[in-house]
Amino acid sequence: MRWTKTFPYRLRALLRVTRADAELDGELRFHLEKQIEANVAAGMSAQEARETALREFGGVEQIREETRDARGLNLFYDLGRDVRLALRQMRRSPGFAAVVVLSLALGIGANTAIFTLAHAMLIEPLPVAHPEQLYRLGDRDNCCVIGGLQGSYSIFSYPFYLLLREHTPQFSDLAAFEAEARTMSVRRSGSPAPAQARKGQLVSGNYFSTFGVGMAAGRGITPADDRPEAAPVAVMSYRAWEQDYALDPTIIGANVTLNGAAFTVVGVAARGFFGEAFRPQPADFWLPLSFEPALRGASTLGSVLDRADQCWLYVIGRLRAGASVPESQARVNVELQQWLTGHPEIAGDSQKEVPQQHIVVTPGNRGVTSVGNQMAEGLYLLFGISGLLLLIACANIANLLLARGIAGRGHTAVQLALGASRGRLVRQALAGSAVLAFAGGLAALFVAYAGTRALLLLAFSEGTHAPITPVGSPYVLGFAFALAFVAALVFGLIPAWLNTRGDPAASLHGAARTARDPASLPSKLLLVFQVALSFILLSGAGLFTATLRNLEEQRLGFKTHGRMMVQVDPALAGYSQAQLYGLNQEISERLGRAPGVAGVSYSLYSPMEGHHWSDDVAVEGRPPNSGDNSSWDRVGPNYFEVVGTRVLRGRAIGPEDTAASPRVAVVNETLVRKFFSGAEPIGKHLGIGDKSHVYDYEIVGVVEDAIYSNARKPARPMFFIPYFQMVDYGDADYRALQLRSNYIGTIALRYSGAAAEVERAVRKSLAEIDPNLLVLRVQTFDQQLQAYFAPERIFAGLSTLFSALALLLAAIGLYGVTAYRVVQRTSEIGLRIALGSSRERVLRMVLREDLQLVLAGIAIGIPGSLAATRATASFLFGLTPGDPGILAGAVAVLAGVALMAGFLPAYRAARVDPMTALRHE
Amino acid sequence: MSLTKGKGSGVSKPTDLLQGTLDLLILRVLELQPLHGWGIAQRLRQISRDVLQVRQGTLYPALHRLERQGWIRARWDDSENNRRAKYYSLTRDGRRYLESEQENWERLSVAINLVLGTAGE
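Here the protein sequences line up with chains A and B, keeping their order.
Residue 882 in the numbering used here sits at position 882 of the first sequence; the count goes up by one each step and never skips.
Residue 1030 in the numbering used here sits at position 30 of the second sequence; the count goes up by one each step and never skips.
In isolation and in its complexed conformation, chain B is listed as follows:
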């Protein structure tokens, strides 16, 4: 799996942190509204102002894994111009998981910022 940052080279080694992060981002996007895979990728890109680009090879395994874990569910539905698309939406479990993970993330990012902010001084 690779999470590509901007137009630069891909992150070479996937880590649990990154995987967990992608899950978090997908769940967060789906919290707003049900979306198909392409929509999720687009939305991630828009929200992150082109910083985060998710490859299909990363996105779909992640979606299926989240579905298996019971955090999101999928349903085929008509898309904008009447084409069938697979829409993912957040489950109750997924919402609860997102909330707890979001808190974790915030605590973690505050902590990292603290470290980064003070380490040089």
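Chain A with its partners taken away, still in its complex shape:
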């Protein structure tokens, strides 16, 4: 048989099943009429002829059925009928359908939401020409500016990049770009609006051509723009063009002021291009690398552009056709070795390690992926949690289907006895599952949509412009429905198989009387499996919730309630050192008068902002070369009071500490413990830098430890110094750093009343001081802390929500199985009661069996939980994966749920009237 010849026929027949049926009917009618005519011709009366013909003809429906079979398209035709049947069944038991569709929607929806993020961060290639040709030099995330050796080199200096570009013929193009988009102050020249904080990224002149990025308007940055003497130009992202400039075409050629320097906008990048890496806050502007010095505003830190020892650029290249990765890797490593040998100042004292320095060439089709990698672990964990929920939902649905199949076993037996093939019945049952799964998949899209948005909000509390559209990509849709149908197979196949097994005759004789029920064991096993999975989820939820609580309730060393943090950057507004004292005074005065504000202070940075300044320090009384390192911060008067850190001994930094007064420092407990072995530090000295600086600052006070940068680690040694107290440094870097530290980073406020109103008043006051003063962020201290704990909150929240759902499903499953068992054993229970068994004993008996199932589940769940949660150890704080308290709690909760779910059927069993029961069936 030639498939190509028969296919059109099959297709036509499939598309017009009803038409083919009509044709057949016509054919049969013709046959019948001919037969009648023939009968009449043979001498029968009209009536007789008709009756005889009909009798000989036999069952029309049967002929139709067999002809359809012969046409070979029954599979599709039956599918349609099976689906209609399944829809009818759904309408008949809406409760059942609701439980199935809802639990599937949640399971699939949660997985899809997480897949949406994972797809955007970890899977999707860059929206550029031929992403597969792109390769990155390096495999690490070494953001953002580092000196010294790196081992596996991943971030490079500008001079070395220029050298690489000239000496690697394997790459047709080699682009360099800043590791992170930086916050910049942006104003359209001539516009009265205050400066706004936007993200900008410095890129090499060949950045757009290397990646092959299209332009929505204007042109990209070219190598000719990337020269110090070139006119300053910028390319804008489509998003910025759309949101900040309403797609105004006159922006091309217009001037914008970035960090105080004028740039001409020459182009807008293609709509889908968000930069070469996944970032929650992608770049709004791209600028040529040569303008790095111009963007420093009044910052005192020197330019890194021409420094061979400062690495700040990631490099991605387009591999030339015919060039291999090993070949290019060998080439760049030769260059690296020569470079390091030629610049011994880079390695410094570590010359011995130079031969181990190397570059790994990695695929760059997704750009720089390390940014995603930080979140990848968290995403895998979320996948684990939502995957468990989906498995539990499937087990539960399988059990419900099994129970429903048992109830409908008589019906199945009739179908089997009437000659329906078992395969046909399994197919019918599977079609039912598929319909349920499809409905679940559709509902899951809504869950995924809401879930993705919620996840984005939770994960990036500042909001994100990352290119993630909920349920936006065909991959995500495909994922959801693929999951739905895998689920349908998983939960549909087992009950379909089991329910069509067995002897129809036995079933028809009354299945309830048979002592051994073929579906009873699988049903119990499914339940045990479900309980075990629920236990894993539940113990995970316990661990994450306890972790969040431990983190938040640890002694943080500051108070968040009624406090607000305002992050500013006066350097970008062009303030010089000489103007800073006046600015600080004005900020204190003006904000102090703002309505609702009860106290004002300021510092270089505040707790939980996610960064800190640290340096090698010299401490009085310490042996030389002890390698002491400490965090330090500049703070204004009243700082400790405003952030709620207690002063334990001595005094805080006050208004009397000025540039002219003796230099003082306040240290934290950990510094006292580490550098003074707990002895009284007041009156002793320390300084930033080598031992010549040991007497720079006199310690006048001790404050309690406060967590500044990492809540999972004990506090670091830390000290606080007043603004404008300066030390003479010979080293230019130290001089620049010291000057930079005189700029306010964060204004701390105590307030009362509505935060939104206080924020408005504060913004107004700051704009009155100077409209150019860039306000990066205003949030309450509570929000700042919450943002810091966002991942933990997601894990705890999601796992708790999902365990609650899992428990609900387990309860439904247990209730169903117990109720079924009780009905099955009605006569046995009646007999027991008739023979004198007390009703309490019956109650206990039923509940005991219930509990046995749950305990079996827990017995499997405990090792499962230990294995599963071991992978989460790095996410935990203050407890370990096998925490006995958490495990015991999970056992108790599950046992409690089991008792509750089993109680109603058990109670009903105990109320059985022996006479009725014995007459049962």
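By construction, these hints were calculated from the structure, which means they are not laboratory data.
Just so you know, not all the hints are guaranteed correct.
[Claimed, not checked] Okay, derived cross-link-like pairs now, EDC-like style, lysine to aspartate or glutamate, Cα gap no bigger than 16 Å in a straight line:
hint, chain 1, residue 1, chain 2, residue 2
1, B, Lys1086, A, Asp21
2, B, Lys1086, A, Glu23
3, B, Lys1086, A, Glu33
4, B, Lys1086, A, Asp25
Take the given structure of chain A and dock chain B to it, following the hints.
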């Protein structure tokens, strides 16, 4: 499917041999001229002198199967007294298939006759 022999009881178990045989008979009838289903049944009966009677429940599935296999094709046409009827005719493939199957059948029937003719002796 059942191939009823004469006025006796139907053959209880259909076999591949029987199915193949019916196909062969239909193809052979259609080799002479295009015919509708009823005509095929009548012709089979006439040729076999009432020995072979094909039930509709067997005939139509067989016709549709043969059509699917590409050995016959169907076309609606006017019948004797202007009623529309579905006429089946042999395709080139069907003709070739019939020829090869006919040879097979003849070889087989000779062989069976030989066996039946000699087994008793």
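For each hint, the structure was consulted:
1. B:Lys1086 / A:Asp21: 13 Å, holds
2. B:Lys1086 / A:Glu23: 9 Å, holds
3. B:Lys1086 / A:Glu33: Holds. B:Lys1086 to A:Glu33 sits at ~14 Å (cutoff 16 Å).
4. B:Lys1086 / A:Asp25: Holds. B:Lys1086 to A:Asp25 sits at ~11 Å (cutoff 16 Å).
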